[in-house]
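Chemist: Note that full-length UniProt numbering gives residue 111 to position 111 of the sequence shown, counting from 1, and the numbers run on in steps of one.
A couple of the hints might just be wrong.
Okay, derived cross-link-like pairs now, PhoX-like style, lysine-lysine, Cα gap no bigger than 20 Å in a straight line [claimed, not checked]:
id	residue 1	residue 2
1	LYS278	LYS227
2	LYS171	LYS127
3	LYS171	LYS47
4	LYS227	LYS171
5	LYS127	LYS311
6	LYS311	LYS146
7	LYS322	LYS311
8	LYS311	LYS154
9	LYS322	LYS278
10	LYS171	LYS52
11	LYS227	LYS196
12	LYS390	LYS357
13	LYS322	LYS127
14	LYS390	LYS278
15	LYS127	LYS146
16	LYS171	LYS154
Just so you know, these hints were derived from the structure itself, not from any lab.
None of these values were measured; they are calculated from a predicted model.
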Amino acid sequence: EYTAEGVFWVPLSGRWDRVQAAAKQPDIGQRIDDAMTEIERENRHLKNILPKGYARPTLDQRRLGELVDLIGTIGLGTAEHQARDTLGRVYEYFLGRFASAEGKRGGEFYTPASVVRTLVTMLAPYKGRIYDPCCGSGGMFVQSEKFIEAHGGKVGDISVYGEESNPNTWKLALMNLAIRGIEADLGPEAADTFHKDLHPDLRADYILANPPFNISDWGGDLLRDDKRWQYGIPPTGNANFAWVQHMVHHLAPYGIAGFVLANGSMSSNTSGEGEIRKNLIEADLVDCMVALPGQLFYSTQIPVCLWFLAKNRDDGRGMAGKELFERSGEVLFIDARNMGFMADRTHRELSDADIQKIADTYHNWRGDGDGEYADIPGFCKAASLDNIRKNGHVLTPGRYVGAAAMDDDGEPFEEKMARLTKDLSEQLAEGRRLEEEMRKNLGLLGYDI
């Protein structure tokens, strides 16, 4: 019954009230370890996943007990906070805080929430198989579930598949999904997606990913004849287009992929990357390109973009089962570099309104939105394949969307220039007057300049 409702089951012996009641006991660490073991026993997909070792001699048991008491003062027990995903939201919050504190290392497992929401809102994964080949802590899957629930869908209509190479991050993902009641196949172990594909026969309806940018030590020299490289052999010094082709390989006949890459992927011609990009375009796989603002990521200041690839773009169905427009021979470009707000001194976030504007533009263009699509200078442009060929198969949105339209205030140019020149002349004269007055006052004080 609990499993059917997607509830994370905690046995009586592993519940927080039991742990908190023993906070002042000298064996509190052992009791926490025992609670973790009991939770694993009741949730077999978490076997050997939860952290243990709280009873180790080097850990101060008194301070550990004080921490338990402190956590116990947090008011999560009111009716307002008894929603099923309270624990999940707490977990997500701490993942984000840890990623912020860790900087580059934190970025290895965490994709900023606003970037994930943008991907998910554009892909709209209502039903089918969802796959993330480098799933980190599982944020793409969590946001997909939230999207489905927010739009009246059934979480049981999706199947979740993923892979992660870092063992600790793989465990984070399993815990993140388990406490939300999301069933997922992340494989029996952490594994390298390129060299040990845990889902070789999977053909996914939706692929969402944030692959590590520009990695050079991916072992590409051992995979020169791999069947996944249908559009060109990726360079051994950069895995970007290995990730792209791995995802294309795993797409279902009407599947769609949305993923994050460094901006260089849109224009690079290094080591055959331009040829691979050209082949993807000529195969009519590229559906949409989105240029994002800088400073979105904790791990890098490198500007990033979103790629959307789709198979069989001549038909298909999108949100709410709406029939999609034929999009063959056309690519939508969106320039969102000026969007977002500074959440703190060093990091930017996309607002809900920004995300909705980007997603609405995409859905209106492909035919499953609520409005009509129109090119907007400086923001979006539906470009033909011939236009892209003329630009050397470069996919940078700025090449296609043009400059934003300037508001015409109705004042003739000659009159405006005369007025502005007069204002400037008056301001320069005032500046000279103030400078002379400062010189005079300093002279009276005995300071000549």
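Chemist: If a hint holds in the structure, say so; if it does not, say that too.
Modeler: These are the hints, each one checked on the structure:
no. : hint              : verdict
1   : LYS278 <-> LYS227 : holds, 19 Å
2   : LYS171 <-> LYS127 : violated, 26 Å
3   : LYS171 <-> LYS47  : holds, 10 Å
4   : LYS227 <-> LYS171 : violated, 30 Å
5   : LYS127 <-> LYS311 : holds, 17 Å
6   : LYS311 <-> LYS146 : violated, 25 Å
7   : LYS322 <-> LYS311 : holds, 17 Å
8   : LYS311 <-> LYS154 : violated, 25 Å
9   : LYS322 <-> LYS278 : violated, 30 Å
10  : LYS171 <-> LYS52  : holds, 13 Å
11  : LYS227 <-> LYS196 : holds, 14 Å
12  : LYS390 <-> LYS357 : violated, 29 Å
13  : LYS322 <-> LYS127 : holds, 13 Å
14  : LYS390 <-> LYS278 : holds, 12 Å
15  : LYS127 <-> LYS146 : holds, 13 Å
16  : LYS171 <-> LYS154 : violated, 26 Å
The structure does not agree with the numbered hints 2, 4, 6, 8, 9, 12, 16 stated previously, though it agrees with the rest.
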